[in-house]
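*Asks:* Heads up: the protein sequence lines correspond to chains Z and H, in order.
At position 228 of the first sequence (counting the first as 1) the number is 228 in the numbering used here, and the numbers step up by one without a gap.
At position 412 of the second sequence (counting the first as 1) the number is 412 in the numbering used here, and the numbers step up by one without a gap.
It should be emphasised that the hints constitute simulated quantities derived from the structure, not laboratory data.
Positions of the beta carbon are idealized from the N, C-alpha and C atoms, including for glycine.
Hints may be right or wrong, so weigh each one.
Have a look at the derived ranges for each label pair, beta carbon to beta carbon [as the list claims (entries may be wrong)]:
1) Z:Ser193 x H:Ala329: 24 to 34 Å
2) H:Ala479 x Z:Pro485: 40 to 50 Å
3) Z:Val330 x H:Ala457: 49 to 59 Å
4) H:Ala40 x Z:Ser249: 14 to 24 Å
5) H:Gln76 x Z:Asp68: 54 to 64 Å
6) H:Asp592 x Z:Gly328: 36 to 46 Å
7) H:Asp5 x Z:Ser51: 30 to 40 Å
8) H:Asp590 x Z:Asp68: 43 to 53 Å
Quick look at which bits of chain H chain Z covers, simulated, 3 or more residues with Cβ under 8 Å [as the list claims (entries may be wrong)]:
9) 69–77
10) 137–143
11) 162–171
12) 401–415
13) 438–447
Sample of chain H residues at the chain Z side, in silico, Cβ under 8 Å [as the list claims (entries may be wrong)]:
14) Gly252
15) His255
16) Arg346
17) Ser520
18) Gln570
19) Ala577
20) Ile585
21) Tyr588
22) Phe593
Protein chains: 2
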Amino acid sequence: MPVYDAPLADMRFVLRELFAAERTPPLPGSEEYGDELVDAVLAAGAKLARSVLAPLNRSGDEAGCRFDDGQVYTPQGFRDAYARFAADGWVGLAADPEYGGQGVPQSIAVLVQEMFASANLSFSMYPGLTHGAYHAIHRWGSDAQRRMYLPRLVDGSWSGTMCLTEPHCGTDLGLIRTRAQPTPAGAHAITGSKIFISAGEHDLTRNIVHLVLARLPDAPAGIKGISMFLVPKFLPGEDGTPGARNAVSCGGIEHKMGIRASATCQLHFDGATGFLVGAPHKGMRAMFTMMNAARLTVGVQGLALAEASYQGAAAYARERLQGRAPGGAVRPEADADPILAHPDVRRMLLHMRAGIEGARALVGWAAHELDVAERHADAARRDAAQDLVSLLTPVIKACLTDMGSECTNLGVQIYGGHGYIRDNGMEQLVRDARICQIYEGTNGVQAMDLVARKLPAHGGRLLRRFFHPIADFLAAHAADESLVPFVGPLHKAFRRLQQASAYIAQRGTEDADEAGAAASEYLRLFALVAQGYLWCRAVQAAARGGAQGEAFYRAKRGTAQFYFQRVLPQSGALFAAIMGGAGAITQYRDEDF
Amino acid sequence: MPVYDAPLADMRFVLRELFAAERTPPLPGSEEYGDELVDAVLAAGAKLARSVLAPLNRSGDEAGCRFDDGQVYTPQGFRDAYARFAADGWVGLAADPEYGGQGVPQSIAVLVQEMFASANLSFSMYPGLTHGAYHAIHRWGSDAQRRMYLPRLVDGSWSGTMCLTEPHCGTDLGLIRTRAQPTPAGAHAITGSKIFISAGEHDLTRNIVHLVLARLPDAPAGIKGISMFLVPKFLPGEDGTPGARNAVSCGGIEHKMGIRASATCQLHFDGATGFLVGAPHKGMRAMFTMMNAARLTVGVQGLALAEASYQGAAAYARERLQGRAPGGAVRPEADADPILAHPDVRRMLLHMRAGIEGARALVGWAAHELDVAERHADAARRDAAQDLVSLLTPVIKACLTDMGSECTNLGVQIYGGHGYIRDNGMEQLVRDARICQIYEGTNGVQAMDLVARKLPAHGGRLLRRFFHPIADFLAAHAADESLVPFVGPLHKAFRRLQQASAYIAQRGTEDADEAGAAASEYLRLFALVAQGYLWCRAVQAAARGGAQGEAFYRAKRGTAQFYFQRVLPQSGALFAAIMGGAGAITQYRDEDF
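Kindly generate the complete structure, drawing on both the sequences and the hints.
*Replies:* Take a look at the structure:
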């Protein structure tokens with residue numbers, strides 16, 4: 001089993017050094033988060049991840065959740081771990097202090113999220129879902145709903161869910177059939193079936209708060225007729241004590257490729273008592289409050305699993321003796337050299353590092369902008385940050401989860417046959433990572449969100465929030481000798497992205513298929529440029545040096561070189577695919593598939 | 001569950017139309033395989049795959065193999081299916097008629113192999129291993145060994161294994177510790193432990209013939225001191241009746257990510273009676289007889305699983321209604337359009353088709369050359385064919401198994417959340433496909449085999465066997481109007497491959513790390529060019545038309561267009577990565593990983 005140790009040096013680098021300029025001065029309400037406090041938070045998170053969550057990861061996968069007569073039992077050890085997790089305040093880490101949260105800025109909270117997902121993705125999903133429900137109620141709930149539910153979600157004694165999917169509808173929520181009938185008491189009776197509900201039923205908390213999308217009797221057709229309802233598993237009394245069992249039941253759990261310790265439930269609502277959250281027919285808006293936060297979280301999950309796999313693979317590459325280095329023995333006293341001596345193994349490890357560190361930088365950027373959007377004193381600056389976060393969200397979700405699958409697979413590859421057997425824990429990371437490309441909107445849906453919504457929004461305003469800092473950076477550093485191997489290739493890739501953006505903006509308005517056919521490649525090109533920009537800045541920051549030690553900065557520059565030589569050139573192939581147009585895809589006849 | 005139907009039209013196209021020139025006149029001993037007989041073989045294979053093997057695939061995965069007190073039990077239904085499989089003569093399909101085989105040419109046998117692996121990879125491994133053992137004994141065994149073992153392997157009443165790997169050595173077989181001590185009776189006592197032995201113990205056959213790599217007492221160190229021994233589970237009497245139990249025992253089976261119905265065994269040899277196969281210390285040569293055939297088979301497995309996944313995904317894309325086509329409803333009478341209407345879904349399906357059909361063409365080419373190498377009247381032509389097969393083998397193994405993993409993952413992606421749950425069978429294909437990139441030499445090892453062995457062999461002679469037909473084709477069709485969108489891009493990619501080959505040949509001799517650092521990207525570039533060449537020929541063949549129907553040829557050309565527009569451009573990125581040199585990989589310090 002690979003041992004997981006949180007990558008604290010790179011986390012500190014991203015937090016303090018890479019975005020040093022943006023983070024000075026500190027945002028209002030973040031002043032107290034100096035180095036000492038942040039280090040304490042990160043160290044405590046790292047310790048919990050390593051000593052409590054990681055040891056339950058393999059056993060949780062083997063046992064899976066158990067369904068018995070409507071009850072769901074999490075694997076052995078999960079209840080105790082959750083009790084500790086909640087008692088230590090991790091559920092409400094980034095939550096509003098008014099409701100008992102710690103109010104930790106997003107840029108710090110995402111690092112802790114990453115640790116927990118690296119150590120045990122299945123476990124981390126339970127508080128993750130709670131977090132989504134917290135967000136939706138915090139933003140759209142009534143005062144009474146907030147007072148009743150938020151403190152209990154924040155302290156982890158209750159958990160939350162998002163009930164969207166039905167057997168016949170996943171991506172297309174306009175097809176939802178679950179109905180909400182007003183009751184004389186002013187509540188609603190919710191009737192319908194939901195599937196794929198993570199944490200829909202389990203034994204970790206006293207109560208579960210379902211946020212359910214359903215249709216009111218007078219609802220217009222499609223997504224404009226969806227409302228959101230809060231359906232507690234146990235109806236709380238006025239003092240918050242869970243009382244009568246609500247008419248929501250679990251009909252079974254799914255047997256899945258991975259995240260087997262996360263309960264994925266079929267839920268039946270049989271006239272269950274629900275309370276409208278927000279305005280009637282405005283459920284999609286409320287749902288997106290959960291969904292956007294969840295999409296960033298899922299991107300972080302992809303990163304997290306790649307990191308866990310890297311740690312296992314790097315350790316194995318140092319220990320496993322097999323063959324000789326091409327240039328001659330590096331360990332002549334042993335029977336063989338460590339496989340780290342083989343260039344192709346190093347290539348795979350560096351590919352993982354480049355993906356992981358680029359991803360962490362991208363998440364760090366988005367999380368900082370999220371803090372700005374929430375906390376900055378200047379409204380214009382807040383709006384600009386929100387624009388950038390909206391733009392980056394689908395990119396982070398799709399790119400980082402694709403990277404998560406790619407890198408966990410590379411981790412198995414480095415382990416060889418020993419990676420394919422379950423005992424070593426490497427193949428579990430592949431199975432767990434695979435869902436991240438699917439849930440909270442498949443990566444194809446993310447790509448469509450980017451090209452069809454985010455690009456044209458406000459006349460291209462969101463895209464300019466991204467293009468301007470890169471253009472400024474390139475202009476400022478065109479003649480910077482220390483960045484010679486980096487700025488030129490970035491400039492080339494950036495020009496390709498600009499041209500591809502213009503092509504999509506122009507052709508996509510004439511023919512909607514054009515945007516759709518280019519979407520996935522465009523998202524990948526976008527991500528390559530975004531990370532290329534951040535790698536340039538990482539090289540600068542590494543040259544400045546700091547508190548992470550000389551080897552850290554040397555490695556950072558080395559990984560950057562790998563990125564520019566071996567990863568960024570993909571921009572040419574993506575550009576060619578986009579500019580070739582949709583013809584090869586759209587002219588192919590349906591009956592020929 | 002996706003229903004598997006063998007893709008007979010494309011199989012016939014590859015066999016008869018794509019390589020029509022090469023296959024005229026028929027090879028000696030292949031004359032009887034006219035269209036009628038071949039169609040009968042393919043139809044019988046397709047029927048068995050669909051009606052017997054495919055129905056056991058999901059249940060076999062769920063049940064897995066069971067180990068109990070030294071015995072291994074295959075999942076329910078496997079014994080009956082195997083009995084039928086053997087009785088119908090499929091084990092010895094391509095085997096020598098002298099020993100009871102059917103003598104079917106490789107170019108036909110690989111198509112049947114593909115069907116069986118598509119339907120049930122785990123099942124197909126049992127006869128697959130037998131096939132490897134058959135090859136080694138046929139080539140290197142004594143007359144007496146051949147007479148005793150081959151008929152029983154060929155009729156499937158006994159099965160075979162390859163016992164190479166030990167806990168501390170996989171790729172590096174020079175580290176093997178299993179010992180062979182000569183006995184007074186002229187046999188050897190084999191002592192040692194082997195792991196990851198597919199079909200090492202099971203309940204399908206009366207006897208199991210292990211081919212074991214071990215060291216004689218006077219063996220030189222390293223791979224030059226490895227000999228091959230035949231170790232039957234039951235020692236046969238003179239009449240071939242299995243007699244005394246030999247001292248080989250199964251210590252357990254592995255719990256794996258996939259191929260769960262294939263028994264992966266730990267075997268202990270405790271002074272087991274073994275018989276030398278071939279000359280002392282020449283075991284690696286004998287092993288490669290098995291290994292090279294096995295590598296082609298593994299490539300076919302990657303193709304096979306991609307095909308199975310495509311069939312499931314295409315059917316789902318037609319049935320699943322979700323959202324609307326970007327250009328407006330295509331099924332206005334329904335609540336939503338089939339997801340096939342979404343360009344990104346079509347893109348994924350076309351990516352799968354391009355990979356699958358290109359792979360099948362590549363296998364068809366190699367299999368035909370294998371037939372030439374075995375059957376052609378002209379020795380020079382036989383040698384040339386053997387050269388090409390040797391060159392293509394690592395490319396097919398690595399490229400097709402990478403494609404298998406990529407495409408089975410795309411199949412899951414098209415299914416969305418429904419692909420991630422086990423019930424639909426799509427995620428099993430991902431788990432099963434994953435081993436193909438690892439076993440019979442990891443794909444990194446294949447890449448090293450290509451650049452470090454095959455490229456420099458005989459002063460580049462093998463490579464010329466590949467370059468010449470492509471150069472000839474390009475010269476002949478430079479001005480061919482019907483091939484305008486294809487020949488130009490192929491020419492560009494081919495020039496890149498030529499330059500990269502020259503670079504590796506030159507730099508690789510100065511610095512062995514250079515070849516190692518370029519190997520994986522070079523193999524992929526090679527595969528892109530090989531398939532680009534075959535796609536050009538496929539477009540030609542499609543233009544000529546034939547017996548597969550108009551829609552087939554239209555689809556073939558459409559898929560070719562996709563390949564040239566969306567896949568082949570990757571050659572630029574691979575070329576850039578190779579030509580950037582090894583520095584980014586080799587200069588990175590060990591301690592910085």
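*Asks:* Kindly indicate which numbered hints from before are broken by the structure, ordering the numbers from low to high.
*Replies:* Hints 3, 4, 5, 6, 7, 9, 10, 14 contradicted; others consistent.
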